[in-house]
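J.: Letter by letter, the chains look like this.
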Amino acid sequence: MKSLDNKLMLGLLAFGIFGPVLFPDYTFQIALMWIMVLFAQTWDSMGGQMGYNSLGNIFFFGCGMYICTVTQVGLFYDVGDYTSATGSNVTFSDSQYFIGLGVGILAAGVGASVLAACLGWTVFGLRGPYFAIGTLGIALSAGELFGTWDWVGGGSGVAIPVYPGEADHKSMFFYTLCFLAAASTFLFYRWLFSTRFGLAVNAIRDDEGKADAMGLHTLRHKTVAWCFSAFFLGISGALFGNLTGFVEPLEVAFPTATFGIFMVAMSLLGGSGTFWGPVVGAIMFHVIKEATWTYFLGWQWVALGVIIIINVVYFQQGVVGWMQEKWPEKFGIEVDSSMSMEDEAKEAAQ
Amino acid sequence: MLDNINILWLAPLLNIQLIVDGILIGAIFALAAYGLALVWGVMNVKNLAQGEFVIMGGYIAWFGSTQGLHPILSMPIAIVIMFAYGWVIYRVIISRVVAKDMFISLLATFGLAIVMQQALNLMFGPEVQVADSGLSVRSYFGGSVTIADIRVVSFLLCCALATAVVLFMKKSRMGQAIRATAQDARAAKVMGIDTEQVYAFTYALNSAICGAAGVLVSMIWVIQPFYGLAHSIRSFVIVVAAGIGNLPGVIVSALGLGALEQYGGFVLGAEFQQATVVGLLLVVLVYRQIQMRKKRQAVV
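If you read the sequences in order, they're chains P and B. Residue numbering for the first sequence is 1173 to 1522, as defined by this note's numbering. Residue numbering for the second sequence is 15 to 314, as defined by this note's numbering.
One or more of the hints may lead you astray.
No more than 30 Å apart at the CA atoms, straight line, and that leaves these computed lysine-lysine pairs for DSBU-like [unchecked claim]: (1) K185(B) - K1382(P); (2) K114(B) - K1502(P); (3) K114(B) - K1382(P).
These are calculated hints, taken from the structure and not from any lab test.
Assemble the whole structure, with the sequences as input and the hints as a guide.
T.: Here you go:
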């Protein structure tokens, strides 16, 4: 397991560094792929590892995007004036741009986690499908609300300060940031799930009532886990907003029906609840998605829905989950055959 | 916003208009929500494709009306087609997720919803459509309250359909089997009920009910391939507010939702209608949590 783990990590690192050098035309696509990896990991830290399947994690992505934009502009100019003139009235100097971007990305992460902490008090009393529908409602209503908030541009959106420099430099700059964000998310969760906190989170998934009875402060653990995931999602939102250069509430900031669902689909495709599953799933999903977008244009959404259905109905354990079942010894899982016989007998008796 | 509230205060008849409109539309919501509660209660599947079934029924009626068939007459056709469609969907997809984790069924039906809305979009285009019923609009109270005849007709049809479904559930053998399965699936199996058949029938019945509701929606309102999600969320709001297996509760909260949505649309502006529905969903969920917290339980 250890050697496989290291090989995979080295492979990803190599692709992360040399990918845009080898395929310069696809730099944007590869950057998007890293954001997808980040999406899948943050979703799976809740859905797969904790058993809280959120359909509204995209909320933090959009909030991060708006927080970053407002910070980038608001540090130097009046935000209301800027949005009402759709950003045409001001220019940012180099230092202003980079200071704004740096502060904005941090503010996006922190602001999103603060929002997660506030929301945690209201939604963690919901379980299972209620939690999924409640979070879906939060994401949908956020999109509608931002669409009517004129201070941040309303439904017509707001342009983000333009990168000072050439287009090539811009794409490489944001590619590097996206890769760093995905890599730090990966390493962070790798560390987190080797600690007691990871065990506590898994205990909540397996039996929340028992975990509670064992003295685990479940609400606190759930809220903190959500804050972590919101932190990285907020950063990814800030980066994605700067990558596209334009923030609009329904299609860019709160795309509940696209990115919001992709997160879930990617984790399930790779195998939710396994550490490598979301990463593998995100990369596969992104490649499949780009292929269908290119070759089945017009039918891409039908293809997406069919993938989701086939995935959850016929292939629930996902790619990595399936491999774990097939070759458990490669993943360091020991199967005690006497135990599994007993379980089968128990199931038969039920 | 305050101006609009002021208008309501100054012209009390407008309230009557909004409430009557809300109730006439709410009756259709009740139909779709009853279907959801049925599937939820019997097989524990949360059907997120509920709204898409409604819209699909609407498109059947609209397509019939372009071929010269009156939308009301196309209702039986829609019911039959949607029943068969629901049966097939159950056999292909739902039967494989019934026993699984609840989130799996939620996601599977969400995938189904995406496929259906996109397929409808590819077939009929993204335009907003209305099936013209050809009935007139009448005004009451000296012209300050106007009610389209078709809304009254659809309300009556709703009542008739709901009565038929309730009678079916109470009197027929299949209805009794469905209720028995909802109470205890294993016991029902032991008593010789083919629960697999019951599940398939329940899902198909839900689909047919939604199809009938969709025919009414296409006549009194508008249909569009992507309007399904709002209908799904409405059904969820109603069922969560009323609780499963509480038929009077479903009716009352559906009519209430219809009226509240009309008020929300009037006071805040028409573009807020969907936001009102979603906002109400959150309000209901938070309220349920507070209720359950008093009993030291979570909303499961």
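J.: May I ask which of the numbered hints given earlier this structure violates, with the numbers listed in increasing order?
T.: 1
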